[in-house]
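Generate the whole structure from the sequences, applying the supplied hints.
Protein chains: 2
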Amino acid sequence: MKNILVVLSVNAEHKKLLEAKAPSARFVYSDQRNVSEEQVKDAEIIIGNPPAHMLKGSENLKWLQLQSAGAGDYTAGDVLPKGTILTNASGAYGLAISEYMLGVTLELYKKLHLYRDLQVRSDWSYAGKVRSIYKTTALIAGLGDIGGEFALKLKALGAYTIGIKRRDTAKPGYLDELYMMDKFETVLPGADIVALSLPSTKLTNKIINERTIGLMKQDAIIINVGRGNAIDTEALCDALESGRIAGAALDVTDPEPLPADHRLWRIKNAVITPHVSGGFSLQETHDRIVAICADNLEAWLNGRSLKNIVDLSEGY
Amino acid sequence: MKNILVVLSVNAEHKKLLEAKAPSARFVYSDQRNVSEEQVKDAEIIIGNPPAHMLKGSENLKWLQLQSAGAGDYTAGDVLPKGTILTNASGAYGLAISEYMLGVTLELYKKLHLYRDLQVRSDWSYAGKVRSIYKTTALIAGLGDIGGEFALKLKALGAYTIGIKRRDTAKPGYLDELYMMDKFETVLPGADIVALSLPSTKLTNKIINERTIGLMKQDAIIINVGRGNAIDTEALCDALESGRIAGAALDVTDPEPLPADHRLWRIKNAVITPHVSGGFSLQETHDRIVAICADNLEAWLNGRSLKNIVDLSEGY
Numbered sequence: 000m001k002n003i004l005v006v007l008s009v010n011a012e013h014k015k016l017l018e019a020k021a022p023s024a025r026f027v028y029s030d031q032r033n034v035s036e037e038q039v040k041d042a043e044i045i046i047g048n049p050p051a052h053m054l055k056g057s058e059n060l061k062w063l064q065l066q067s068a069g070a071g072d073y074t075a076g077d078v079l080p081k082g083t084i085l086t087n088a089s090g091a092y093g094l095a096i097s098e099y100m101l102g103v104t105l106e107l108y109k110k111l112h113l114y115r116d117l118q119v120r121s122d123w124s125y126a127g128k129v130r131s132i133y134k135t136t137a138l139i140a141g142l143g144d145i146g147g148e149f150a151l152k153l154k155a156l157g158a159y160t161i162g163i164k165r166r167d168t169a170k171p172g173y174l175d176e177l178y179m180m181d182k183f184e185t186v187l188p189g190a191d192i193v194a195l196s197l198p199s200t201k202l203t204n205k206i207i208n209e210r211t212i213g214l215m216k217q218d219a220i221i222i223n224v225g226r227g228n229a230i231d232t233e234a235l236c237d238a239l240e241s242g243r244i245a246g247a248a249l250d251v252t253d254p255e256p257l258p259a260d261h262r263l264w265r266i267k268n269a270v271i272t273p274h275v276s277g278g279f280s281l282q283e284t285h286d287r288i289v290a291i292c293a294d295n296l297e298a299w300l301n302g303r304s305l306k307n308i309v310d311l312s313e314g315y
Numbered sequence: 000m001k002n003i004l005v006v007l008s009v010n011a012e013h014k015k016l017l018e019a020k021a022p023s024a025r026f027v028y029s030d031q032r033n034v035s036e037e038q039v040k041d042a043e044i045i046i047g048n049p050p051a052h053m054l055k056g057s058e059n060l061k062w063l064q065l066q067s068a069g070a071g072d073y074t075a076g077d078v079l080p081k082g083t084i085l086t087n088a089s090g091a092y093g094l095a096i097s098e099y100m101l102g103v104t105l106e107l108y109k110k111l112h113l114y115r116d117l118q119v120r121s122d123w124s125y126a127g128k129v130r131s132i133y134k135t136t137a138l139i140a141g142l143g144d145i146g147g148e149f150a151l152k153l154k155a156l157g158a159y160t161i162g163i164k165r166r167d168t169a170k171p172g173y174l175d176e177l178y179m180m181d182k183f184e185t186v187l188p189g190a191d192i193v194a195l196s197l198p199s200t201k202l203t204n205k206i207i208n209e210r211t212i213g214l215m216k217q218d219a220i221i222i223n224v225g226r227g228n229a230i231d232t233e234a235l236c237d238a239l240e241s242g243r244i245a246g247a248a249l250d251v252t253d254p255e256p257l258p259a260d261h262r263l264w265r266i267k268n269a270v271i272t273p274h275v276s277g278g279f280s281l282q283e284t285h286d287r288i289v290a291i292c293a294d295n296l297e298a299w300l301n302g303r304s305l306k307n308i309v310d311l312s313e314g315y
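As you go down the protein sequences, you meet chains A and B in turn. At position 20 of the first sequence (counting the first as 1) the number is 19 in numbering that gives the first Met the number 0, and the numbers step up by one without a gap. At position 45 of the second sequence (counting the first as 1) the number is 44 in numbering that gives the first Met the number 0, and the numbers step up by one without a gap.
Cut-off 20 Å, straight-line C-alpha distance, at most; resulting in silico cross-link-like pairs (DMTMM-like, lysine to aspartate or glutamate):
| no. | chain 1 | residue 1 | chain 2 | residue 2 |
| --- | --- | --- | --- | --- |
| 1 | A | 170 | A | 144 |
| 2 | B | 128 | A | 12 |
| 3 | A | 134 | B | 283 |
| 4 | A | 128 | B | 283 |
| 5 | B | 40 | B | 58 |
| 6 | A | 134 | B | 286 |
| 7 | A | 267 | B | 122 |
| 8 | B | 55 | B | 72 |
| 9 | A | 267 | A | 237 |
| 10 | B | 15 | B | 30 |
| 11 | A | 61 | A | 72 |
| 12 | A | 134 | B | 144 |
| 13 | B | 134 | A | 144 |
| 14 | B | 40 | B | 77 |
| 15 | A | 55 | A | 72 |
| 16 | B | 164 | B | 175 |
| 17 | A | 267 | B | 116 |
| 18 | B | 61 | B | 77 |
| 19 | B | 164 | B | 144 |
| 20 | A | 128 | B | 286 |
| 21 | A | 128 | B | 12 |
| 22 | B | 267 | A | 122 |
| 23 | B | 128 | A | 286 |
| 24 | B | 128 | A | 283 |
| 25 | A | 154 | B | 283 |
| 26 | B | 267 | A | 116 |
| 27 | B | 154 | A | 283 |
Here are some chain A residues the structure puts well away from chain B; computed CB gaps all over 12 Å:
| no. | residue |
| --- | --- |
| 28 | 22 |
| 29 | 67 |
| 30 | 136 |
| 31 | 311 |
In case anyone wonders, no lab produced these hints; they're calculated from the structure. Every residue gets a Cβ at the ideal spot worked out from N, C-alpha and C, and that includes glycine.
Right, here's the structure in full:
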């Protein structure tokens, strides 16, 4: 009998769905805070994100299905027992995060953040000219389901879409151009919207810095929903304060959480949200995560190949 | 030689475009504030929105091409000399206003207005669950180019779209259902998003009131970009304060401008902007208005029928 440890938060419907896929397994439910070393060590399959340090030396673990799209905490060489399969929940977050990205793009473009500031002061004043997504050029760096769904939405709204990927694949119809990472700086100068949905790797660390900001249009905006360290925060603050670029919307920051005394909070054309675009903020995301776990559980028990296998050498 | 008075603000490109259409005409350029009675009385064609009171008794005026979509100031029986053709700029505002509508819908759905309030206090706090446009039901009342373009965008994002029109026409593909105005209260109870882009007529006056709000879902939101008097403001304030509905985004208000001491300014889930979604806030709108005027000018001089003729008996 297989031991399946679920540290992903689930409701009654979710439990029913998972258990129907493995009727003969023993399910143990816990959560990230309360899960015990013993529960982790007993598990053959873990669904959710257990504390990484508990996994070392697990003798029974064969497969870890994460609830996150990012897998960085689990890809270091000494975390997972050798031979453990690691899968992520890529595909669950595209809807929620791409809608968030569209929301903050329009917030900056229509000056809705400035109108909110005016509203608080009961001030019926004009905040100036606005921009449209229609006819802009968007550069989407990172084309997992999040970047892909955002590009699809922008394309539907009339933007010209340029994608940047880490792996070489065929160009989907919602992209006007597609390049590998090495062309990032070549296409950056033409972009009105620079959207980052990149995992944390050496290649993406501070990809937006003083030098690359220097390549950007003065009226460009940056959206970041991947990892905070894709941006050199101090260089971004300087660029926003000096008007070198027009705005930024950040759901992830470096440092994170952003300290209360950080100047970024008070920069007029910075829109800051506290890493909430994904997670379980949207019910549909939670349901999609469970659906991915259930599908993979069924595949595992029937000896079929799993979806979303993480390449442990690349880290995503 | 025809006298054409342009009270619409135009740039050098715009002038060139207009004058190319009527090389033998005499163009007089002014603006809404500085235009003289004499200039108005001399004109055979007026492009733009002159002060309505100046038009009475104009003996030369044959055609008035407005820069606005609304024509209410000019449709009263005594404003235009009998036989004058009135055309509006419907079609110019759809892009700007539909993108604004999408922006404020996502602002409310993703709680971006609340995150802005938190940002001002350097507060890295979670504001709660969000919603997605995907899978919602949207009721769009008023299907000129503004309502139509908004419905099209919502449909592309996965919403179920129900349109309400004043004139009976074929259902466009971006609408899942289409009804006449008399069905408004029948479909209102099913709507998550209620979007109003209605002209000011007897039929639309306070169409959202205490009674019709009582028909709405508790988690519904209202977007208004048409005329402020489509909503009973006090009833809306009561509903937002009591949680009877979830939110409202208003670019038009009644009264307008909204007085500084009005309680609406301070309602947490009200998003207020000062009638800026249209106008010349977006350069593309301005260019489209001039393009409509130029096309109509060419049609007029060649004896072809004009676009956007306002039915003076219906008022739009």
